[in-house]
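2 protein chains.
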Amino acid sequence: MKQWVYHFGAGEVPQTHAQGSELLGGKGASLAEMSSLGIPVPPGFTITTDVCTYHHLHNKNYPDSLQTQIKESIKWLENKVGFVLGDSNNPLLVSVRSGAHVSMPGMMDTVLNLGLNDQTVVGLAKKTQDPRFAYDSYRRFIQMYGNVVLNVDHHYFEDILSRYKENYALREDTDLSETAWQEIISDYKKIIRARTGNDFPQNVNDQLWQAIGAVFSSWMNQRAITYRRIHNMSDKGGTAVNIQAMVFGNMGENCATGVAFTRNPSTGENEFYGEYLMNAQGEDVVAGIRTPQSLTQRARMLEKSDQPSLEESMPLVFKELSDIRQKLERHFRDMQDIEFTIQKGKLWMLQTRSGKRTAASALKIAVDMAESGLITRDEAINRIDPLSLEQLLHPVLDPKAPKKLLTRGLPASPGAASGRVVFTADEAETRANAGESVILVRVETSPEDIHGMHAAKGILTSRGGMTSHAAVVARGMGRPCVVGASALKIDYQKQTMIIQGTLVKAGDKITLVGGNGEVLLGEVPTIQPVLSSDFTTLMQWADTRRHLKVRANAETPKDAEVARQFGAEGIGLCRTEHMFFEEERILWVRQMILAQNEQERKNALAKLLPVQRDDFIALFNIMQELPVTIRLLDPPLHEFLPHSDREMRDIANLLKLDVEIIRRRAEELHEMNPMLGHRGCRLGISFPEIYEMQVRAILEAALVADITPNIEIMIPLIATKVEMEIMKKLVERVASQVFDEKKKTISFQIGTMIELPRAALRAQEIAEHAEFFSFGTNDLTQTTLGLSRDDAGSFLQTYRKQGIFKSDPFASLDIEGVGELMRMAAERGKFQRPGLKLGICGEHGGDPESIYFCEEIGLDYVSCSPYRVPIARLAAAQATIRCSFRCANNIDIKLATKLSNAG
Amino acid sequence: MKQWVYHFGAGEVPQTHAQGSELLGGKGASLAEMSSLGIPVPPGFTITTDVCTYHHLHNKNYPDSLQTQIKESIKWLENKVGFVLGDSNNPLLVSVRSGAHVSMPGMMDTVLNLGLNDQTVVGLAKKTQDPRFAYDSYRRFIQMYGNVVLNVDHHYFEDILSRYKENYALREDTDLSETAWQEIISDYKKIIRARTGNDFPQNVNDQLWQAIGAVFSSWMNQRAITYRRIHNMSDKGGTAVNIQAMVFGNMGENCATGVAFTRNPSTGENEFYGEYLMNAQGEDVVAGIRTPQSLTQRARMLEKSDQPSLEESMPLVFKELSDIRQKLERHFRDMQDIEFTIQKGKLWMLQTRSGKRTAASALKIAVDMAESGLITRDEAINRIDPLSLEQLLHPVLDPKAPKKLLTRGLPASPGAASGRVVFTADEAETRANAGESVILVRVETSPEDIHGMHAAKGILTSRGGMTSHAAVVARGMGRPCVVGASALKIDYQKQTMIIQGTLVKAGDKITLVGGNGEVLLGEVPTIQPVLSSDFTTLMQWADTRRHLKVRANAETPKDAEVARQFGAEGIGLCRTEHMFFEEERILWVRQMILAQNEQERKNALAKLLPVQRDDFIALFNIMQELPVTIRLLDPPLHEFLPHSDREMRDIANLLKLDVEIIRRRAEELHEMNPMLGHRGCRLGISFPEIYEMQVRAILEAALVADITPNIEIMIPLIATKVEMEIMKKLVERVASQVFDEKKKTISFQIGTMIELPRAALRAQEIAEHAEFFSFGTNDLTQTTLGLSRDDAGSFLQTYRKQGIFKSDPFASLDIEGVGELMRMAAERGKFQRPGLKLGICGEHGGDPESIYFCEEIGLDYVSCSPYRVPIARLAAAQATIRCSFRCANNIDIKLATKLSNAG
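Quick mapping for you: the protein sequence lines, in order, are chains L and B. Read in order, the letters of the first sequence correspond to residues 27 to 929 in my numbering. Read in order, the letters of the second sequence correspond to residues 27 to 929 in my numbering.
Since the hints were derived computationally from the structure, they do not count as laboratory data. Heads up, some of the hints might be wrong.
In this list, chains with the same sequence are indistinguishable; a pair is considered to hold if it fits within one copy or across any two.
[Stated by the list, open to error] Below, computed lysine-lysine pairings styled on DSS-like, alpha-carbon distance capped at 25 Å:
#1 K97 <-> K215
#2 K430 <-> K531
#3 K628 <-> K827
#4 K633 <-> K768
#5 K191 <-> K215
#6 K755 <-> K515
#7 K633 <-> K770
#8 K754 <-> K628
#9 K747 <-> K827
#10 K262 <-> K747
#11 K628 <-> K430
#12 K769 <-> K353
#13 K633 <-> K215
#14 K827 <-> K754
#15 K520 <-> K535
#16 K747 <-> K832
#17 K584 <-> K769
#18 K520 <-> K863
Here chain L stands alone, though its shape is the one from the complex (with noise of 0.2 Å):
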């Protein structure tokens, strides 16, 4: 016969030990544990989560034996603690909890204080010698049954409560006496009966199975399943349902109930933490009617209460808690949530489990508990999620400050930045070099605004995805960024927007929060970041681990300056057409692109070959013998022209031309899939003589630099190795040709993006030519699911809500798709020339989830914004010791990263 019910506490051996939180859930493991370790819990018994998936897929039915089983456990638990349930005179009282596998906090549902009827609760009184208790105890029961159970809103319960307070001019439920509940109670079953058409139950049987019921169907309410949706988790597993006799912190002066941390979960300090109520139960310390008082002395004092802390007012018991904090962070090797209740001066331990805590309070702990031998260095690398150390880099929000929330968009480069509303770059540019700080609002960039995303504090946009322009520059630049926000009316005429039916103005205050895309009215206070010495610890240890290098996204002197900051590599992708940008460049930037012919084309190309070579020479000279990767121009031309009529005459005045052949021009190079357009090597092969000047500027540049710079010349948008051998045919034809005029040499490499499907397909012929790949996953994302990031806002959404992207595909990975390809195109490419060096540059170079699946594949590095480079850094060594211990154990990947995690 299969066990469906496992026991704990009074003693009991500790049958479930092995069996783990997927059968018993988070809660019951956590008991079962405390109980095998000698730690008072109250006794009870888990009902498993196989219970809860029998009894989804068979209607709502349960085993068997489960009926027997259940009985045998309540009479062993009955024996156990001298009570019986619904016993009149010695009533057994019991909690009905969840608790799945994996901690879903208040997404499911609990009963109280189960057993109680008109009858028990006489006799609860009589035992207790505390009808008032009794009583309250009972209406709490039906309260919660009755919502839970019975499915009737809280609110009728609380209208009656509340009515019956202002009836009688009463503040706060302890002023209620035991008549009053017993009046309460009367109006409780009535508006059961109104609701239901049933009476309250009086049968604890039924009670019980009920309840039972309740829970194992509340892991299918809507609540949960979006919860899981959300947070990207399965829907098999199921609650375990956990039941066990109540204990009372509520029942005087020797009682008390508590939480507490065993270190500070703010700051990490190894220090006891937490409060308590004393004759309170625990949703009263959650509820925040009561102040509670501190746990130690030292706490207390700090806080100038003269409230006792346990410490003083309870020591033998604070003793014993103490002792209990060692022996479970000993245990569990991690700092715990714990929950206490001390029923008349009897300790009992409700709750463990790893406690939540702040980046900064994560990394302190990891390292300390490292440091003491309590786990490994790769443990404490694990225990970090590499995402949070964007809290430890970037500007936060003061949480002290109030906040007036005007709408939500997508959260696409992190920080908190406060400044005036300006609608165009030129605006942008010129308030901030009056010294204002600006945030510049547009529907959505484009190169042309780049001059004033620098300038500003913060970028939001009303349109775009998480990769588009905005968010894409904004991450590089380290500028906090909120894209995509629809609720944004701009009106670049009024220069106004509404937002959700406030009235925003040019010059206004706002603050954008980069983390999560708020935006906020006004100016509210930030907190600038500190990096803490557990901070450079802890990235050390991730550095002596991981096999994969990070480099960074950036092509100015100071981007690249702080990417070696943060500990880049390298510089894997320098976008060479973000040099094209600036005042006086883009100017030859379009006579080139305006040019009648080639000559005209090579003489514009003439003036920019010098400011580019210095470009190069500024970057070289900072990255000193490290790699970097230039990717040669990218971008469709008719992306440097300009768009507005305005803006077209003021060209044809700058260039004396006629404004009708900028129009026209700019006519013929529009695109209506400029994505899919004449762009990467396709105007390499057009229009050879653009990147011949670049690949002089580079080697010229090279030879030059006071170092001898580490070179990699990347050739975009290839897709047939005709386009890679043609291109690398040029690149060799003018490297011989400088050499030549300057009778030096350097080594370099040439290489290429992976970026179109294609390219990943025919990776090994174009590895006959390629030195080097790296994966340009926006771009192959764009193509492989055949999704535009810069249009996909309208539907994304949508496609996260019913489930069919379970994340940002431009922000992780899409690894069976794209990955597939990834992978295919990592193995044809070494297959040809097992030499081939492999990287990514697109976005995801900087996505935890993404970097592990690098690792996986065997790429040689990620490249990221320079901001993400801390980020990188650690979830490479997390990636390492992943698939170090997936080798060594010759498991699947997903078991391998739960195991690994786990220590």
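Given chain L, work out where chain B should sit, using these hints.
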């Protein structure tokens, strides 16, 4: 010692027969074969293509033993004919001709009369007793040798000759005397000295070796390289050199020269067909200086000529030639194109090869030969180039009419059409309704122009590629269409266009030739096609042979009827959005798009439902029980909205809406890359009510149609399994509603397009929910190559010139890239669902090379525009033959193609 030289003629044992044309070149092999058949050919020898390869790989040197072998061969030749090379009294003259494996007419060089010099010409004069002939031959030799070997341009020689004729007031070459030729020879020698710095070589051995070298070199001249690139031929292979004793048709009235076809190459009639000239050399026939005479008496009488036919003038020779005609056809099992010379009453055959023919004659010849048992039916099927059938299905220009070419664009849809230029779809409709023939000229077309395209006789655009909107729609309608004619400068305002300097106004007449992309000024008369019984016969043979079913892409009843007439076995793609553009419905469609909420949207859809249902009823009644694949709405909604201010105002008035609402909605819906935007099933997921209406219309129509239609509902742009699952549930839900309401059911299938790389990669799981796959290779090509079919025009030409694309990937499948994804999808889909039906509905479904590949990977059907159906039927039969040949012989597909074509 390797044999570099092979002899032929003069009863030579055919040591070379088995070597075939790869070693000996086409000409050499045919001479050897004729020789082996006992047919009189002037003796000579062939220097193999291996020597050419050696020559190019070894810095223009020759194999060591070649000199000896040629010396011995000349000796052998001298013995056979009784003349001696360079002998002043008895000189041997030879021709030196190129002859590659595959015919490259006019691409490579030939030298005749080699062996003449200042001494031997005297001997020739004496021996022939015809000094004029001898000196004429010498000057011809100098001219050819000067041009081919010494690179002195033709015009220098022609100038001398014409100046001489002017000076002496002579008209024809035949007016020149012996002394005249001597004077000219002297001038020829001077010009050679002046241009080359050297005298014309008198040493006949030098002449021979330099001529051989020149022919070998001509393999890699620019003309030949370009020709091979255009015809998609390899640079490998090389040419052979044929050295052959000269025979002369210009030595008197018992001499003649001629060309003939063994059947009539225009009609295919089994009649001897050719021309000859008395007392002339081969080049004279081609030069057209004198009018050639007919070969047969019958032909002479039909032409009412008074010049005797060869049958009459030389009956014995004619009899011998007729016997040879029969022998050659029996031997080569195909219609032959032959050249012959009669020297002093003796017939010599100079060449035989498969004759070029019109599509109509190719059909007749293939059917006749198969019916007479000369070839098999499979061979007959293989003999016809499927694309050549287009000539038979569409009107063609009257070849006799004069033409003025304006420009040339891409040949987007075949057929010829004339009409008055109009620049808007509305104007096209108005004028067409008034009975005029019009040509619609647009920069590019959009779905709004459909009614104008329907009304027009032909469509011309200045933008776009082979699968641009204009091209696809025009092919579907069978309208001649030329796209991407970038020389057009259209001015909509002025209602004019300028084409390379010529102004064309609205109302002017032009003519389009869709088959070759020509745009002609004025109205050029066209000839309507009549389908022969041979066509019917061959198509029947093809139909019994092929595995692949052939369906058509069609929406309108008219298209469906045309498709059935051409033998379509179903509709493979019914694009429901094409049904949305007619006058009244487009308004409702717009109302639906402009709806402020779901209810308004549903109201508009309710109006569309009955008309869409009627469309389907009509379609089902035409298609009877044949399968009809209906694709639900695919294009992004903005395609249906008006673009110009005027149109927006009109719509606003009609719908009683503020024009600002329309403008704002259009802006909201605007996309950067619509191809990768909110379209296909993404619409079905965002706005399920649209798909619900369409499914309802389909199924309600099915229940009232005259027959039980065979319906396949197709979901576009699926990228993930979940999308497919959601869409399938939607269709099933609506179906069960409709069936419940109507108390009647019908079975149908639900499937998807495979048009995104991700869908191909995840085909296995998508097939869990899809009963069929239809490869949408237009979009799959766009995404796999990252190439917009609307924008690729600007660089596709460059790409083809540089050999990056061998053919337009939108016209013929990119088998290496897109093809691999298709193969994967087919395998993975079938692995999941062995009964999965597989088809293709992209433009490639009508392209023969693509169809062969579809057979290879096991598709069930191809679907193409109605006018391509016969082409597809034939190509499908050829595919079956190829593939079974391949399987039977277990060989590579390329070899199978070659061998199965060779019969």
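Query raised in the report: What hint numbers does the structure not satisfy?
Result: Violated hints: 1, 6, 11, 12, 13, 17, 18; rest satisfied.
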